[in-house]
Amino acid sequence: AQSVSQHNHHVILSEAASLELGCNYSYGGTVNLFWYVQYPGQHLQLLLKYFSGDPLVKGIKGFEAEFIKSKFSFNLRKPSVQWSDTAEYFCAVNLAGGSYIPTFGRGTSLIVHP
Amino acid sequence: DVKVTQSSRYLVKRTGEKVFLECVQDMDHENMFWYRQDPGLGLRLIYFSYDVKMKEKGDIPEGYSVSREKKERFSLILESASTNQTSMYLCASSSPAGANVLTFGAGSRLTVL
Chain A
1 AQSVSQHNHH VILSEAASLE LGCNYSYGGT VNLFWYVQYP GQHLQLLLKY
51 FSGDPLVKGI KGFEAEFIKS KFSFNLRKPS VQWSDTAEYF CAVNLAGGSY
101 IPTFGRGTSL IVHP
Chain B
115 DVKVTQSSRY LVKRTGEKVF LECVQDMDHE NMFWYRQDPG LGLRLIYFSY
165 DVKMKEKGDI PEGYSVSREK KERFSLILES ASTNQTSMYL CASSSPAGAN
215 VLTFGAGSRL TVL
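Just so you know, the protein sequences line up as chains A and B, in that order. Counting from 1, one number per residue, gives the positions in the first sequence under the working numbering. Counting from 115, one number per residue, gives the positions in the second sequence under the working numbering.
Don't read these hints as lab results, they were simulated from the structure. Treat the hints loosely; a few may be bogus.
Short, incomplete list of chain A residues facing chain B, as computed with Cβ under 7 Å [what the hints assert, rightly or not]:
hint: 1; residue: L44
hint: 2; residue: L46
hint: 3; residue: Y50
hint: 4; residue: G53
hint: 5; residue: Y100
hint: 6; residue: R106
hint: 7; residue: G107
hint: 8; residue: H113
Using N, Cα and C, we set each Cβ at its ideal position, and we do this for glycine too.
Put together the whole structure using the sequences plus the hints.
Okay, structure coming up:
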């Protein structure tokens, strides 16, 4: 069965620390990959996505993610977090050219202390 | 600004009541979805629809039904609410023209007493 795993359920950092959130998937075939973010009291929104091409993708607010096909991973990174990055982060995957329905990971709650 | 609008942000219902959650999108999207979001469980797909009057079960359809009579509107129905349906319900829409990126509504927090 298709699945998405986010290894870190809760992450607590101080401002200026570096961030890496893990995401691994088990899918057969070519995939589209997404990170969505939910800031406190706000809608879930797209942070970044990968469909093809350069495996290092950049999103909003200084976030980036790297697709490593051999590791079935799409980890989210930010070199220096801010208090405003406090949010819940969800990794999602769907099959390229196939089902448009994404499978979501369980989410990672990030708290950044000022 | 494009939007997915969920009619109710907060609802409190009693066990056994029928509950309607409404969702409207103004982006002419073909696909619409209902998820529930629970702490530690992420987003779980209840139902989705890829066209008017079409619906498909997601991962957790038990206790729920849906209706899509118009392209822009997708309703979630709890025929007889139970306490284990207390949750945050998220509506989303997408389109192949938009690379199937989901646009979410603000959510409807339902409490069943």
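L46 of chain A as chain B interface residue, shortest Cβ-Cβ below 7 Å: With a minimum Cβ separation of about 5 Å from chain B (threshold 7 Å), the hint on L46 of chain A holds.
Hint status (Cβ of G53 of chain A to nearest Cβ of chain B, threshold 7 Å): Result: violated, 13 Å to nearest chain B Cβ.
Does G107 of chain A pass the interface hint, meaning its C-beta sits closer than 7 Å to a C-beta of chain B? Holds - the Cβ of G107 of chain A comes within 7 Å of chain B, reaching about 5 Å at its closest.
Minimum Cβ distance from R106 of chain A to chain B below 7 Å? holds, 4 Å
Against chain B, with CB atoms and a cut of 7 Å, does the hint on Y50 of chain A hold up? violated, 11 Å
Under 7 Å, Cβ to Cβ, is where H113 of chain A needs to be relative to chain B, so tell me if that hint holds or is violated. Violated, because the Cβ-Cβ distance from H113 of chain A to chain B comes to roughly 21 Å (cut-off 7 Å).
At a threshold of 7 Å, is the proposed contact between Y100 of chain A and chain B supported by beta-carbon distances? holds, 4 Å
Satisfaction of the L44 of chain A interface hint, Cβ to chain B closer than 7 Å: Nearest chain B Cβ about 4 Å off; hint holds.
Consistency with the previously given hints fails for numbers 3, 4, 8, ordered from lowest to highest.
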